[in-house]
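Asker: Each chain, letter by letter, is given below.
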Amino acid sequence: MTIQAVPNKLISGATGDWEVVIGMEIHAQVTSNAKLFSGASAEYGGAPNNHVSLVDAAMPGMLPVINEECVKQAIRTGLGLEAKINLRSVFDRKNYFYPDLPQGYQISQYKHPIVGEGAVIVDVSPSERITVGIERLHLEQDAGKSLHDLSATESHVDLNRSGVALMEIVSKPDLRSAEEARAYVSKLRTILRYIGSCDGNMEQGSLRADVNVSVRRPGAPLGTRCEIKNVNSIRFIGQAIEVEARRQIGILEDGGAIAQETRLFDPGRGETRSMRSKEEAHDYRYFPDPDLLPLEFDQPYVDALRAQLPELPDAKRARFIDQYGLPPYDAGVLVMERAAADYFEETAKGRDAKLAANWVINELFGRLNKEGLDVTRSPVSAPALGAIIDLISQNVISGKLAKDLFEIVWTEGGDPKEIVEARGMKQVTDTGAIEAAVDAVIAANPDKVEQAKAKPTMLGWFVGQVMKQTGGKANPQSVNELLKRKLGV
Amino acid sequence: MSDPTHLSLAEARDALKSKQLSAVELAQAHIDAISKSRALNCFITETPEFALAQAQESDARIARGDARPLEGLPLGIKDLYCSKGVRTTAGSRILDDFTPTYESTVSANLLRDGAAMLGKLNLDEFAMGSSNETSAFGPVVSPWRRAADPDAKIVPGGSSGGSSSAVAARLCLGATATDTGGSIRQPAAFTGTVGIKPTYGRCSRWGIVAFASSLDQAGPITRTVRDAAIMLRSMAGHDPKDTTSVDAPVPDYEAAVGASVKGRRIGVPKEYRIDGMSAEIAALWDEGVAWLKDAGAEIVEISLPHTRYALPTYYIIAPAEASSNLARYDGVRYGCREQGRDVSEMYEKTRAAGFGPEVRRRIMIGTYVLSAGYYDAYYVRAQKVRSLIKRDFDEAFASGVDAVLTPATPSTAFAQGEKGSADPVEMYLNDVFTVTVNMAGLPGVAVPGGLAANGLPLGLQLIGKAFDEETLFSLAAAIERAAPKIELPQPWWREG
Numbered sequence: 001m002t003i004q005a006v007p008n009k010l011i012s013g014a015t016g017d018w019e020v021v022i023g024m025e026i027h028a029q030v031t032s033n034a035k036l037f038s039g040a041s042a043e044y045g046g047a048p049n050n051h052v053s054l055v056d057a058a059m060p061g062m063l064p065v066i067n068e069e070c071v072k073q074a075i076r077t078g079l080g081l082e083a084k085i086n087l088r089s090v091f092d093r094k095n096y097f098y099p100d101l102p103q104g105y106q107i108s109q110y111k112h113p114i115v116g117e118g119a120v121i122v123d124v125s126p127s128e129r130i131t132v133g134i135e136r137l138h139l140e141q142d143a144g145k146s147l148h149d150l151s152a153t154e155s156h157v158d159l160n161r162s163g164v165a166l167m168e169i170v171s172k173p174d175l176r177s178a179e180e181a182r183a184y185v186s187k188l189r190t191i192l193r194y195i196g197s198c199d200g201n202m203e204q205g206s207l208r209a210d211v212n213v214s215v216r217r218p219g220a221p222l223g224t225r226c227e228i229k230n231v232n233s234i235r236f237i238g239q240a241i242e243v244e245a246r247r248q249i250g251i252l253e254d255g256g257a258i259a260q261e262t263r264l265f266d267p268g269r270g271e272t273r274s275m276r277s278k279e280e281a282h283d284y285r286y287f288p289d290p291d292l293l294p295l296e297f298d299q300p301y302v303d304a305l306r307a308q309l310p311e312l313p314d315a316k317r318a319r320f321i322d323q324y325g326l327p328p329y330d331a332g333v334l335v336m337e338r339a340a341a342d343y344f345e346e347t348a349k350g351r352d353a354k355l356a357a358n359w360v361i362n363e364l365f366g367r368l369n370k371e372g373l374d375v376t377r378s379p380v381s382a383p384a385l386g387a388i389i390d391l392i393s394q395n396v397i398s399g400k401l402a403k404d405l406f407e408i409v410w411t412e413g414g415d416p417k418e419i420v421e422a423r424g425m426k427q428v429t430d431t432g433a434i435e436a437a438v439d440a441v442i443a444a445n446p447d448k449v450e451q452a453k454a455k456p457t458m459l460g461w462f463v464g465q466v467m468k469q470t471g472g473k474a475n476p477q478s479v480n481e482l483l484k485r486k487l488g489v
Numbered sequence: 001m002s003d004p005t006h007l008s009l010a011e012a013r014d015a016l017k018s019k020q021l022s023a024v025e026l027a028q029a030h031i032d033a034i035s036k037s038r039a040l041n042c043f044i045t046e047t048p049e050f051a052l053a054q055a056q057e058s059d060a061r062i063a064r065g066d067a068r069p070l071e072g073l074p075l076g077i078k079d080l081y082c083s084k085g086v087r088t089t090a091g092s093r094i095l096d097d098f099t100p101t102y103e104s105t106v107s108a109n110l111l112r113d114g115a116a117m118l119g120k121l122n123l124d125e126f127a128m129g130s131s132n133e134t135s136a137f138g139p140v141v142s143p144w145r146r147a148a149d150p151d152a153k154i155v156p157g158g159s160s161g162g163s164s165s166a167v168a169a170r171l172c173l174g175a176t177a178t179d180t181g182g183s184i185r186q187p188a189a190f191t192g193t194v195g196i197k198p199t200y201g202r203c204s205r206w207g208i209v210a211f212a213s214s215l216d217q218a219g220p221i222t223r224t225v226r227d228a229a230i231m232l233r234s235m236a237g238h239d240p241k242d243t244t245s246v247d248a249p250v251p252d253y254e255a256a257v258g259a260s261v262k263g264r265r266i267g268v269p270k271e272y273r274i275d276g277m278s279a280e281i282a283a284l285w286d287e288g289v290a291w292l293k294d295a296g297a298e299i300v301e302i303s304l305p306h307t308r309y310a311l312p313t314y315y316i317i318a319p320a321e322a323s324s325n326l327a328r329y330d331g332v333r334y335g336c337r338e339q340g341r342d343v344s345e346m347y348e349k350t351r352a353a354g355f356g357p358e359v360r361r362r363i364m365i366g367t368y369v370l371s372a373g374y375y376d377a378y379y380v381r382a383q384k385v386r387s388l389i390k391r392d393f394d395e396a397f398a399s400g401v402d403a404v405l406t407p408a409t410p411s412t413a414f415a416q417g418e419k420g421s422a423d424p425v426e427m428y429l430n431d432v433f434t435v436t437v438n439m440a441g442l443p444g445v446a447v448p449g450g451l452a453a454n455g456l457p458l459g460l461q462l463i464g465k466a467f468d469e470e471t472l473f474s475l476a477a478a479i480e481r482a483a484p485k486i487e488l489p490q491p492w493w494r495e496g
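Going down the list, the protein sequences come from chains A and B. Okay, so the first sequence: first residue is 1 according to the working numbering, each after it adds one. Okay, so the second sequence: first residue is 1 according to the working numbering, each after it adds one.
Next up, chain A with everything else stripped away, as it sits in the complex:
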């Protein structure tokens, strides 16, 4: 497949345009109670070396035993990536020495991964949707953690993470900008969280990315790539790609050549630094792990897991468009998190779905973001927001008052309907009362009345005055109509 260079994605250098080509290896920690090959807890945190079994510490004579739940999670994830599930896969040993790698090898899958090719649909912006190819997904063990700051002369090792299951999800080099890469990781995280196979928590290291970046002239063959290791936030992924692409373009435009190497991104300095060159790369001496039989299961096993999968984001988005008539972008925003989508559906049930979507996306998400809260911790529950929307639909309160009401429910809690009653927030729909206010404003401002006849946009000023008089409670539609009639505009 040839991918056409998209002009607006190109980076202009001193000597012309460049295209950046990105592929990603995402390491996602599998959500499971126990580690990939031992019964020790896979929970994050814990005092150092408290979640370590004899297997994790590689004591003599210990043997790995596959944790079936991790296998199921990998299959579920593969299904979520629309990928080929390999009914037979093989665990290999990747050999290297490091103190946080007790066995002296990492058990991984090299030639025969559990999941093969798949695809992820990514919405980069409201108007742009791309498909990113998945090369493979395989299971592997995480390493422990070296601690160098506890002593001036010694290093320490915490093996709590040693042996925790990771899924390495490898994309094809289908990404063409930092923005696409960010959107891809974000979408992947959404899928993982829907499936429940990874919590996607980048701060705790549950999701890490190795980013492969190369640049080329549009239409030219792929350039030499550099791999930026272990980038641990979506923002940093974007920054790392941009500075690395610029670095490579700078070298090439100066007549230099890119050396294939592994680099580290330093967010503080906003630069990537060489970690090791291709020549220094380890020879991992991969070979099939003789302690483990090939991993085999049958199609009905996969089918049963497929049958239990929740509705995934793409399907949910399509359903929201179809069922609720939402614009695709709004539907996409609502399905980003399963809990948010559920919140929306609960709010929209039996109500104007578009109005509900607007309220969820604009008011609720806005406020949640501001407070750094997750939707599951929203002080305004879905039924409460539903009640607010009902009050709008029934013309009991205006949209403006509804925002005030939302604020009250957010900060103080309580039943929206009762609050409106108790605080007299009800919209005035009594035409008599509104008419009196309109008449009063007209009578007090004869000069403005003259102006308005020549300039009908003055109407807005009158509306504002009437609303002021009625404490914001007058039905704006009635005010408008009355003013128009009385002013003759």
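Don't read these hints as lab results, they were simulated from the structure. Keep in mind that this is a model prediction, so the values were computed, not measured. C-beta atoms are modelled at their ideal positions from N, C-alpha and C, and glycine is treated no differently. All the pointers check out, no bait thrown in.
Below 30 Å or equal to it, Euclidean Cα-Cα: the simulated DSBU-like pairs (lysine-lysine) are:
hint, chain 1, residue 1, chain 2, residue 2
1, B, K153, B, K419
2, A, K448, A, K400
3, B, K349, A, K145
4, B, K349, A, K94
5, B, K241, A, K145
6, A, K349, A, K417
Here chain B is said to cover these stretches of chain A; the calculated rule only asks that three of the stretch's residues, wherever they fall, bring their Cβ under 8 Å from a Cβ of chain B:
hint, stretch
7, 58-68
8, 103-114
9, 277-287
10, 290-301
On the provided structure of chain A, position chain B as indicated by the hints.
Answerer: Then chain B, alone, in the frame of chain A:
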């Protein structure tokens, strides 16, 4: 009772049951024998208190009629098996004073069935060797001597040399051993004892220090075929902690010992008649054929065409796995550590100081054959040849053969320092008849066939179908009955 160490394991079991003997007496007799036999260097660690405590419990159980299958039988445990609370060395300096907090599944099975542990038996370092000369704790001496030069110290074979020597010297009723390329069968053949390597997957590997994971199997060394059957029944069985162990019922192997071999078809592979095979070995093989024929078995010539590639292939696969399995001995978490300026130097110094030359050689071979650029030419090809070797056996068994008869070793035991010092391959050739069995994952048993002219024992090997150890026990018992009775050596080595 005269000397309880002269009983077979089965006889001792029966004597305990009929209360002609107490478990404490039996244990004490062996403890005394061990303490007078240190010249043989069979044990790395003796655990007399442990054995006596177990014997006391056994006597109590026997008294209340609650005896388990191996109640009160004192055994030696190869020091490759991790023993809870007892220093475990694998014959290496690198483990230093490592004391496991866990018991290997196989030794736990023996203890569960009432056996007593006398101590941890010497072995080649990490089970790498065929003469027990690579042990960091010094070579083991065989109780056997050559008629012509009784002063030469004869090797007991390897890597389970402590096991074979201790059983032949009557220091224990039986011993655990392990076999990666012949490490049970060759030492058994060298010492006139019986050793069986069961089918790969028959015994759990959990808690046994790994040498080459796809080849390693636990098994017993004993003085009789019946004793081996009794021990294996307790050792074998499925273990959820070893995914390569097989979930199949363990038959009553002892019942197979007396079974008739009439009508069994025995294959004799022509490729095992190797160049330069001594007339004595060839004659022993012919005798074995005759004994089985006399017992009613049918002999057929078979072909195992890939036999000649087995040894080189083994010396690619086993070191490859070993190089990775031994990476964990890095000085970080347990065992010895030599200080270095940085972590790389610490690794280098620790592993240089901790591993002996044979282990270092195999780690280097293994690292080399797995390296980028060599992997396909060595490791991948070796795996292909391995499957051809397995197919040879599959075809032989499919043609109606029940078992295969071969010599166990190409020669009798040799003296310390006689082999391999100039060329390690000379030592590796000891495994020429045994490695094929590990490569194919099949069961193999070594059984004494008589004495050579030099006064040292010779052994025959029977190879069976996967998980058909019963046929091997019945055939080995037939050879045992027919072969000239071997008198184990008088204890010339005893002190005091």
